[in-house]
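**Student:** Chain B: place on chain A using the hints.
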Amino acid sequence: MKRFLIGALAVLALAASMPLIFHNEYFFFAGYVVLQFIVLATAWNILGGYAGYVNFGSGAFFAVGAYTAVALYKAFALPLGLQILAGAAASGLLGFGVGMLTLRLRGIFFSIATIAVAIVLETVVLNWHYVGGAKGLPIMRPVETPFFASHTVWLFFVMAALAVLAVGAARYIETSWIGRGLRAIRDNEVAAECSGVPTLKLKLGAATLSGALMGAAGAPYAQYLSFIEPASTFSLNYAVNALAMPIIGGMGHWIGPVIGAVLLGSVQQIVTVTISSEINVLVVGVMLVVFVVAAPEGILGLFRKLFPSRKS
Amino acid sequence: MTPLLQVKDVSKNFGGFMALDGVSVDIAQGERFGLIGPNGSGKTTLINCVSGVLANDSGSIRFDGREISGLPAYQRTRRGIARSFQIPRPFASMSVLENLLVPLEYAGTGKLDEAHEILKQMGLADKAATQSNRLSQVELRKLELARAMAARPRLLISDEAMAGLSSNEISEVLEILFKLNAAGITIVMIEHIMQAVMKFSQRVICLDAGRIICEGTPAAIVAHPEVQRAYLGA
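Quick mapping for you: the protein sequence lines, in order, are chains A and B. First residue of the first sequence? That's 105 in the numbering used here, and the numbers climb one at a time after it. First residue of the second sequence? That's 9 in the numbering used here, and the numbers climb one at a time after it.
Isolated chain A, as found in the complex (with noise of 0.2 angstroms):
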């Protein structure tokens, strides 16, 4: 526990002293979109990986968050960590709704809701014009940002924040009780509900969690973009990589979805940048194939391969 707390600090300070490092501001525009796959990911991972229950719709709980901050921004002119503990609120929310609809059941039945909660939401907002409805609304950044170079650069600090706390959240998680209770469930829900694990509450937890995360990493997209439209705030690419992240980087463990994210996210910024954007989708689409089929325990899982005495 000590250990991870240092690391963390030691990751937020190392963020905060980047500015020193990089001077050109894109590396802060592509590294934010790095760190909210992590925060994305580590969400997923926590129902997804660790309770076996995949969530098809991680775009749509970005989305909430999101559209949540970018409503109250635009009402009330909420600061930021307002808007980012709302838009955790509202999708933390979503993700108890549609879990306490679902979960009651075994298998499929969330995953199915959770594709057509996203084909809703999106059709709801594409509606709602006070939010800009289809074609979007522009959101003006604050002027000033003290004690950061420029706003880029506070925006990814603050997802660097999230970051470590999505981390430290699923990293507690996996090595308590609950962590236990989740991978009973994914193993044998049967067996695991007669062996005194509340199936119910446990998946609901899970559920609203990882639902409140993706919220809050939605949250300081419209501010980060300046602008905000459904299209690209559901994106598939959001429950695809959200997904594909923790399975290609491994997901019994915290650090695979971290892994995942990174290299994957870095990636395809490298592939948007030097080759095309649409690029980046095929590069996703083929490294989730070749490590399903190959390697498919992840990163982590070739990494126990080669090293077995290692305890990762």
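Check each hint, because a few of them may be wrong.
As the list claims (entries may be wrong) - With a cut-off of at most 25 angstroms between alpha-carbon atoms, the simulated DSS-like pairs for lysine-lysine come out as follows:
no.: 1; chain 1: B; residue 1: Lys119; chain 2: A; residue 2: Lys106
no.: 2; chain 1: B; residue 1: Lys207; chain 2: A; residue 2: Lys305
no.: 3; chain 1: B; residue 1: Lys128; chain 2: B; residue 2: Lys187
no.: 4; chain 1: B; residue 1: Lys207; chain 2: B; residue 2: Lys187
Stated by the list, open to error - Pulled a few chain A residues facing chain B out of the computed Cβ check, cut under 7 angstroms:
no.: 5; residue: Arg208
no.: 6; residue: Trp281
no.: 7; residue: Gly283
no.: 8; residue: Ala288
no.: 9; residue: Asn292
no.: 10; residue: Ser299
no.: 11; residue: Gly300
Hints are computed from structural coordinates only; laboratory data are not their basis. Backbone N, C-alpha and C fix where the C-beta goes; we use that ideal spot for every residue, glycine too.
**Tutor:** Just chain B, lined up with the frame of chain A:
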């Protein structure tokens, strides 16, 4: 003294198929109880209703004097009903020891020593660190019982813990069950292996098509003409 488990007029319907049809049985504290019957007679359905995996359609199930038929399975486990599964359902991604930690943390005492103690009792001590999907058939059966025991049950339901085992292995598992009973745990044994049921049980019921056709001592049960017709194939 009130019986530990009181099942009264319990019925369970699967879309027109009467799996249980008004079953009533009392099981006393400390009893060794056998449950036999042909395949499809409702044995597993009955214990699914008792353990909470299924909800009974009608009738009442009382444990320790209190109605439990509305409770979810995990709460029944916490009150003291633990079971093993006919087809072993290990937590395959976990080691043997971790398998025990789940009930230990959620329904038992949470003390790690106890898990080791149970593994020793079950003869699984040297397998504690083994991944549970690498166990042999008999080890899996023992793990089922060990995991049930980690919930600190007062009533242990053993669902065909011996199916497919050799006679040596059967005696091994029987011995474990006798020991647990001697420690004060009430045991319900569902089994097709008659010599095991005969040896173990103080009292037996035979189910057929969702009804109890006979109840009595093992010797009386075997001699009963209904049981011979329905189950023993005389």
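**Student:** For this structure, which hints from the list above don't hold up?
**Tutor:** 2, 5, 7
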